[in-house]
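If you read the protein sequences in the order shown, they are chains A and B.
Quick note: the first sequence uses this note's numbering, first residue 1, plus one each step.
Quick note: the second sequence uses this note's numbering, first residue 1, plus one each step.
Note that these hints are calculated values from the structure, not bench results.
Check each hint, because a few of them may be wrong.
[To be verified] If we take Cβ atoms under 10 Å as the criterion, some of the chain B residues that face chain A in the derived model are:
no.	residue
1	T78
2	D82
3	K170
4	Q180
5	P182
6	V201
7	A224
8	D242
9	F279
Bear in mind that the values here come from a model prediction, so they are computed numbers and not experimental data.
Where is the CB? At the ideal position from N, CA and C, for every residue including glycine.
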Amino acid sequence: MNDPHDHKHPAVQKPTEDAETQALSEALASSFKLVKVIMILLVFVFLGSGIREVGSHERAIKLQFGKAVGSGDGALLDPGWHWAWPFPINEIVKIPIGQVQEVKSTVAFYGQTKEQELTGVGPVMMPTLDPRVDGYLLAGDGNIMHSRATMRYRISDPVRYAFYFQNASNVVQDTLDNSLNWAAARYVVDDAVRKDVTGFKDEVRRHATETLLAENLGVSIENIEIDSIPPRQVKSAFDEVTGAENTRSKTISEAQANANGALARAVGEADAIINNARANATSQLATVAAEAQYFKDQLKYYQANPELYTARLKAERIGRIMENVRTKVIQIENDGSTRKELRLQVSREPPKPATTSTPSASAPPAGANPAQY
Amino acid sequence: MKTNRLGMIIGFLLLLIFGVMLFMYQVRVTEVAVKTRFGKVVDTIVDPGVGFKMPWPIERIQRFDRRVQSFQDKFDETLTQDGRNLMVMLYLGWSIEKPAIFRDRIQDGSITEAERNLMSIVRSAKLEVVGQYPFSAFINTDEAKLKFTEIEGKILAVIQPQATSTYGIKIHFLGIKRLQLPPAITDKVFERMKAERMKLVQTYTSEGQAAATRIGTEADRDRAEKLAAAETEAKRIMGEADAAASASYEVFQQEPELAIFLLKLQALEASLQDRATLFLDTTTSPFDILARPEAKPTK
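Construct the complete structure from the given sequences, taking the supplied hints into account.
Here is the structure:
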């Protein structure tokens, strides 16, 4: 009665169930392995997410539970790869410490768009300045000037710069604007825009440096560039002043050149006067010496026969003089009532070169006998 | 067994994380915080780091930005002591000094709301202090009369106690960011600037001419001085020469008549060198030979 298959059937069913269980078990095991792999991968990703690269122009500070690790320069991480536990355990904050930062003044130049600034063509000039769009500075003499200023700075205290100021660059810009107003308030506009541009810039820098130090911002100024101009509304008047200054300089230069020339000529004239005097003195001394010598030479002839000597010398000289005299009038007779004249016109020729009455001309030859004269 | 152990580890970790989140808090270096218990402030946390707290809703940590905020005042007109209109804009740096007061007085502890409240204090202080100084105290080329920095310090001194006591805010620094005139006045300033430039043009022109004249007259004076000095020197030289000549003339003392005769001859010849017209009578040698015998002068 018993069907032998009745005993076989459970035997057939059990292996089937075991296989399903085994398959399920294997599937679960493989899924669990997959989950483990994923979890391990997630752990690696989690740990790897704490890797940060610090660039060559940057430094970084590691925060641990919100607090900086280390203090001062010791808190700074150098450029390169750094690992930290992911947030909220660690946090790496990068600071652009090596880069030069830049801010521009926003309150001292008339309003213009970026296109206008690039092309150099300003907006239409209005008779007044509108404080909503136009910036300017009030100078110490009550005048108005425009200034375009750029300040470049470096971060000297990265911890203060990064963690103690919500927007440090805004404070730097405010400080630049303040320093421009501070310096302008004590400057004459002509000095600030033309005559003492460097001095004005130095004043702005000095005040900005002191203020940034007082604000403890953790920055140091690299340089400040300032371009100051008079308002466009009065530019032509400023140009006229510049022209007048140039004219003044030119007039003074020309006068100085003329004066220098006159003085140089005066020096020459003075030298000539002194040299002439020296020459005359030398000549006079030589002449006197010659005359003295001549006198000495003639003395013995004169003493030998004064009358003959004087008559001879007089006749000789008169004769020589008559050669140069153009007209000679000799009164022959004068009896008181009538006068007779003999007029001799000897020559109309130009006079001969003046003959100097050198003693030698009349001097007897050396060795002559005085008695003959 | 192995699976159960791993599961336990994971469960423990999750429990740990959950526990940390419930019982611990972290305050960043840029923050300050207050700990409240059932809404009431029980602690002020100003140092960064981690701390313990009872889980919500028993205790709660409320954080605020502790960094210095940059704030700019409204750019509006104020009256100076001497009744001049001046437009002044201030900038200042402020931070939360007393978080508990700040939390109580500022709605939601909002920075924007805090600055809105700060604005009224700053404006009031600005009006008060600017009204105490004349216009010349803001801009002046005389350092003694210029009170720019003093005015900034005084405004800060007025704001500081109010801001701290009322809102728990500390003002770190304050300065003038903009200083301008109302638009209606700028065209008058331009007119004055033009007039001043015209005066400068005249001044520079006159200065140039005056300087040129001065230089010219100085040069004339120097020239005259140099020539006078040269004349003096020339006279001195000639005087010395005359003195030396006089010494040489002493030889003439041996026979003065001959000396006088020779000098006369020399003078006569020198004076009649250039085609002169000469009148002579027959008494003059050698023309005496032309005279009649009775007219012949006796010697």
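Taking the hints in turn, this is what the structure says about them:
Interface restraint check: T78 of chain B against chain A, minimum CB-CB distance 13 Å, threshold 10 Å, status violated. Hint status for D82 of chain B: violated, given a least beta-carbon distance of 13 Å to chain A, over 10 Å. Using the Cβ-Cβ criterion of 10 Å, the hint placing K170 of chain B at the interface with chain A is not satisfied: the shortest such distance is roughly 12 Å. Because the beta carbon of Q180 of chain B sits about 5 Å from the nearest beta carbon in chain A, less than 10 Å, this interface hint is met.
Hint on P182 of chain B holds. Least Cβ distance to chain A is approximately 8 Å, under the 10 Å limit. Checking V201 of chain B against chain A by beta carbon gives a least distance of about 4 Å; that is within 10 Å, so the hint holds. Of the supplied interface hints, the one on A224 of chain B holds, with its beta-carbon coming within about 8 Å of a beta-carbon of chain A, less than 10 Å. Given hint, D242 of chain B at the interface with chain A, holds; its Cβ is 8 Å from that chain's nearest Cβ, closer than 10 Å.
About 5 Å separates the beta-carbon of F279 of chain B from the nearest beta-carbon of chain A, less than 10 Å, and the hint is met.
Violated hints, listed in ascending order, are 1, 2, 3; each of the other numbered hints is respected by the structure.
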